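Protein sequence lines, in the order shown, are assigned to chains S and B.
Sequence positions in the first sequence follow my numbering and run 1 to 205.
Sequence positions in the second sequence follow my numbering and run 1 to 318.
What follows is a list of derived Cβ distance ranges for each label pair:
1. Gly159(S) with Arg260(B): 42 to 52 Å
2. Pro176(B) with Ser40(S): 17 to 27 Å
3. Pro157(S) with Ala14(B): 21 to 31 Å
4. Arg110(B) with Glu65(S): 49 to 59 Å
5. Lys138(B) with Pro97(S): 19 to 29 Å
Hints in this document: simulated from the structure, not taken from any laboratory.
Here the structure is a predicted model, which is why all the values come from computation and not from measurement.
Virtual Cβ for every residue (Gly too), placed ideally from N, Cα, C.
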Amino acid sequence: MEPNLRAGIRAGDPDAFGLLFDEHARAVYNLGFRLTANWSAAEDVVSLTFLEAWRLRARIDPAGESLRPWLLGIAVNVCRNLARASRRHQAAMSRIPPPPVVPDFADELAGRLDDTAALQLVTEALGALRRGEREIIALCVWSDLDYATAAQALGVPVGTVRSRLSRARRRLRTLVPADREPAHGREQVPGNRANAARPSWEKER
Amino acid sequence: MNADDSRRDLAELARLLPDPAGHDLPAGRHLVLKEHLMSELRIADRPTAGSPVRRRRRKPAIVVAVAMAAAVAVVLALLPRGTSGASPAAMRLLAKIAAAAGAQPIAHVRNNQFSYISSWVSYQICQGGSGNNCVMEKPHERQIWQSVSNQCVTGLVREYAQDTPLTFSSNYLHCPYPGDIHDPTYRFLQRLPTNPRALLGLIEREMQGQLPRPEEAFTTIGDLIGEAIAPPAVSAALYRAAALIPGVTVVANATDAIGRHGVAVAFTYQDTRTEWIFSSKTLQYLGSRSVDLATGATNGMSAVTQRAFVDRAGQLPG
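One chain only, chain S, in its complex shape (with noise of 0.2 Å):
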């Protein structure tokens, strides 16, 4: 990142929070999406993010790599208590204009309906682990992470981040065979199907 975007982010020049919400939206839209199995949700999250990003932009050091990190580290915590980050950016929230009721393309539907079914198999072996493992696997298996950088995302030591990979991997093994296949896969995680399929509502408080 060019020093000088960094420094007017730390700043507060809105301009460049417009160039990091262009920049890493999408991967903040993912992580949301993995975490809380839902699109609505997902799209709050992004906005939260970078509602969050804004208020904690003191914080950042002026020197050093990527803003990426931070913002998926507050993403996790966004994720963690949507209810509360809501409630902190209720006014602003309440101003986003609500989504078209019709998708635009038709394609674009029937690429959500492939994506919905691919996150359910996603949100059945995830719902088997805790949501510390859960965050972590977001974080370093699915945004490329490296385990100290994940550490320094949550706030937790790099020993806690492989010790919960660790043991969300003894757990997937014992769901999973080895030499599993995707389209296979459904059948041999347990998950709790009624709960990942239930239509999950924003809780607004």
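Add chain B to chain S, keeping to what the hints say.
For chain B alone, kept in the frame of chain S given last:
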């Protein structure tokens, strides 16, 4: 463990898990959310609000030249913890509030019941893209029903004359789910430690990674005493835990959303002071208020008017 081991472990995990479909925000939404963010930042971007630079100068200990992400851990380590606690006046007040809360009768609650909380709340409404044009809306009633034992049971929020089902936002719940420190049920709160230091330690562990620590602890406890029902011994412990948070002070005269006057326990962060307001006579919790110290304007307030247990979501006590 070396880097090769890490890569091998991550590769195995990736193999064990289904491939998550990653993709962009839906067409158009990226732009809508970005425009919304930009407009919100302009509202928030008031020159009078404590600028990051000024804050840092006031607290030089926090300015440490380390890699950006490492700064997270360092800031946590440098913030005062536990040793200093609230101001002496706040400690004395919170001790009295805790004693009053602890003396309340213990409710007998069945697992299939709902907690009911009625309050009057008022938020700040800003017009257009500027933060200069904000007003407090008129207070309106908000009622909330939540299962006392299981977050998987759908609750209800009635606000602005509209009913909204209240369902937990995570799809990863193992039902029945008694909640957690951020979204507790009564049964969850019953099981919290009543030793204040142990309770604060538990709260701080749960909010790992949230910044900064005292502000998050104050906010978390504020949520638990505001729109939740805790058993008397736990309420008392929450107030005693708040007395251990550095930076907590007393505001002599505060007013809740329906005009009740009282004394407040307060915490200030980035020029916003959040107050928990208590009756000066009974020391019961009345409500809360948030004040922008840069402008002196109130930007949010509440007043709790009733807490009870009922048999159905939507049912009024009585």
